[in-house]
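S.K.: Sequence:
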Amino acid sequence: SSIGLSMMKKMGFQEGQSLGNKSSEAIREPIKVENKIDRLGIGGKVKHPKNFVPVQANSEQYRDRIKSRLSESKVSYLIKKLQKVCFQYSGDDEKYLDNNENFDPGDVNILWREFAIEILEADLKRRNNKRTLVFDTENNENPQQIKEQRRLENANNEELKDWKSLDNSEKLEKLLIYCRGFNYCVFCGCFYNDEDDLQSNCPGVLEEEH
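The sequence shown: position 127 = 122 (the working numbering), numbered continuously.
To be clear, the hints were calculated from the coordinates, so they are not data collected in a lab.
For every residue, glycine included, the Cβ atom is placed at its ideal position computed from N, Cα and C.
Honestly, I wouldn't trust all of these hints.
Said to hold, decoys possible - Across the chosen pairs, the derived CB separations fall in these ranges: (1) HIS205 with LYS120: 29 to 39 Å; (2) ILE141 with TYR72: 17 to 27 Å; (3) GLN83 with ARG121: 34 to 44 Å; (4) GLU203 with ASN123: 41 to 51 Å.
Please model the entire structure based on the sequences and the hints provided.
M.R.: Written out as structure tokens, the structure reads:
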């Protein structure tokens, strides 16, 4: 359709072939771009500590500043983003991918359990729509669906109800401080190498400090 392509075809080029000298190792697909959120070089991996002490903070002061500076929609967005980071950092994402049919969201940390439940509910809905239903002859229900529904009900316990009752500014404050415990700042958009790196290069806990 283009003049350039027409000229190349006259020179022997065929669509789908690689350019340059022929080689069995020639690249025909675009190189995949991998987004990095850490400060390490290409190929570098963040060293995650097994245990850490949460950063201490003046909670009431943080919540007041969050309320005054950020819109409710922005706070909700940041909560969801930090919950996703925690879900991945904790290794819960790997547990889910390895065995999602038996993944128990009730075992997930309360700070990001809502996120895990949302993922599970969406996946169950997708799988149930595609699944060939094998009905229980007495109850006319799918046994696997019953099992999955019970897991979701168990995850929605009193602990989760208490979390949901918190003001969003308090949820965000808890997540911000928790993430700094493993050297991540959502406003800087990266993991730092260690606590010293975080303290030296991150301006502070809140967005207004950046």
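S.K.: Among all the numbered hints in the text so far, which are the ones the structure does not match?
M.R.: 2 and 3
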